[in-house]
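Between the sequences and the hints, there should be enough to build the whole structure, so can you do that?
Chains V and X supply the protein sequences, listed in that same order.
Quick note: the first sequence uses the numbering used here, first residue 6, plus one each step.
Quick note: the second sequence uses the numbering used here, first residue 171, plus one each step.
Since the hints were derived computationally from the structure, they do not count as laboratory data.
One or more of the hints may lead you astray.
Result set (EDC-like, lysine to aspartate or glutamate): computed pairs, CA atoms no more than 16 angstroms apart in a straight line [unchecked claim]:
id	chain 1	residue 1	chain 2	residue 2
1	V	K103	V	D36
2	X	K236	X	E257
3	X	K190	X	D258
4	V	K103	X	D268
5	X	K184	X	D258
6	X	K184	X	E257
7	V	K103	X	E229
8	V	K74	V	D36
9	V	K103	X	E278
Where chain X lies over chain V, by a calculated footprint (3+ residues, C-beta under 8 angstroms) [stated by the list, open to error]:
id	region
10	43–52
11	102–115
Pulled from the structure, derived: some chain V residues nowhere near chain X, Cβ distances all over 10 angstroms [claimed, not checked]:
id	residue
12	P12
13	E19
14	E20
15	T31
16	S33
17	S66
18	I69
19	K74
20	S75
21	T84
22	D87
Glycine residues also receive a C-beta, built at the ideal position from the N, C-alpha and C atoms.
The chain contents come next:
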Amino acid sequence: DAKTTQPNSMESNEEEPVHLPCNHSTISGTDYIHWYRQLPSQGPEYVIHGLTSNVNNRMASLAIAEDRKSSTLILHRATLRDAAVYYCILIGVQGAQKLVFGQGTRLTINP
Amino acid sequence: GAVVSQHPSRVICKSGTSVKIECRSLDFQATTMFWYRQFPKQSLMLMATSNEGSKATYEQGVEKDKFLINHASLTLSTLTVTSAHPEDSSFYICSARDRGGLAGGWNEQFFGPGTRLTVL
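In structure tokens:
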């Protein structure tokens, strides 16, 4: 699976937008971009995924660069409950669809 | 979203004993489940892929005789840590892949809450 690069940590304030970047310059044409997050002492939870177009759901938005070599997860109004480690993962639809986690970005939200 | 449960949520055992961890998909069928291990302050490390009715596929460096995986039904996979030692103390997490596919061929995966194993 192609590798992703994320900042180790980011900090933001409550009720402000947060933009979490992810670089994936070796992405293949059939790789989907997935975001998961892990709250302390819990299993990861799905946030959002996309292929080429920007995506929105109730949790977040995903902005995908035109060349697909980078993407940004957008939390529109961060809350304290959004403090977590966010993982950007590329997955091809063929085969086992294994999720291989990198180090992710630890997001801290200040009250 | 769909629910995946793990049992027990926390277990403490003596060195040399075996521990079984269960992973269940509660409201969907999962032909494939995955087992991860996570040490403090580190990311999740994929240990193995568990396929219903067949042998598990282990990642490189994971001892299959130490970490026994059984996926006997479409809703249950078990991980048995045999002859546990203190270095096996970790947070073990499973995920289950929904048998029904989504548009584009992606089968959504759901994670369990994790099992914290402490080996004394």
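Cross-check of the supplied hints:
Taking the CA atoms of K103 (chain V) and D36 (chain V), the gap is near 12 angstroms; set against the 16 angstroms cutoff, the hint holds. With a C-alpha separation of about 13 angstroms, the suggested pairing of K236 (chain X) with E257 (chain X) holds against the 16 angstroms cut-off. Of the pairs offered as hints, the one joining K190 (chain X) and D258 (chain X) holds, with about 13 angstroms between alpha carbons and a cut-off of 16 angstroms not exceeded. Annotation: proposed proximity of K103 (chain V) to D268 (chain X) holds, straight-line Cα distance about 13 angstroms (limit 16 angstroms).
The straight-line distance between the Cα atoms of K184 (chain X) and D258 (chain X) is roughly 11 angstroms, inside the 16 angstroms bound, and the hint therefore holds. For the hint pairing K184 (chain X) with E257 (chain X), the CA-to-CA distance comes to about 12 angstroms; that is within 16 angstroms, so the pair holds. A hinted pair counts as satisfied when its Cα atoms are at most 16 angstroms apart, and K103 (chain V) with E229 (chain X) qualifies at roughly 11 angstroms. Distance hint between K74 (chain V) and D36 (chain V) is fulfilled; the C-alpha atoms sit about 11 angstroms from each other, no more than 16 angstroms.
A C-alpha spacing of about 11 angstroms is found between K103 (chain V) and E278 (chain X), which places the hinted pair at or below 16 angstroms, so the restraint holds. Under a criterion of three residues with beta carbons nearer than 8 angstroms to beta carbons of chain X, the stated coverage of the region 43–52 of chain V is upheld, 7 such residues being counted. Only residues whose beta carbon comes within less than 8 angstroms of a beta carbon in chain X count, and the region 102–115 of chain V has 8; three or more means the coverage holds. Under the 10 angstroms C-beta cut-off, the non-interface status given to P12 (chain V) relative to chain X holds; the minimum distance is some 14 angstroms.
For E19 (chain V), the non-interface assignment is confirmed: its Cβ lies about 25 angstroms from the closest Cβ of chain X, beyond the 10 angstroms cut-off. No beta-carbon of chain X comes within 10 angstroms of the beta-carbon of E20 (chain V); the shortest separation is about 26 angstroms. The non-interface label for T31 (chain V) is consistent with chain X: the shortest C-beta to C-beta separation is roughly 19 angstroms, beyond 10 angstroms. The non-interface label for S33 (chain V) is consistent with chain X: the shortest C-beta to C-beta separation is roughly 14 angstroms, beyond 10 angstroms.
Distance check for S66 (chain V) against chain X: the nearest CB is about 18 angstroms away, which clears 10 angstroms, and the non-interface claim stands. Listed as outside the interface, I69 (chain V) is consistent with that label: its C-beta sits roughly 14 angstroms from the nearest C-beta of chain X, beyond the 10 angstroms cut-off. K74 (chain V), annotated as away from the interface, keeps every beta carbon of chain X farther than 10 angstroms; the closest lies near 20 angstroms. Consistency note on S75 (chain V): stated as away from chain X, and its beta-carbon is indeed over 10 angstroms from all of that chain's, at 20 angstroms minimum.
Listed as a non-interface residue, T84 (chain V) keeps its Cβ farther than 10 angstroms from every Cβ of chain X; the least gap is roughly 19 angstroms. Remark: the non-interface label on D87 (chain V) is consistent with the geometry, its nearest Cβ contact in chain X lying 17 angstroms away (cut-off 10 angstroms).
Of the hints listed earlier, there is not a single one the structure fails to meet.
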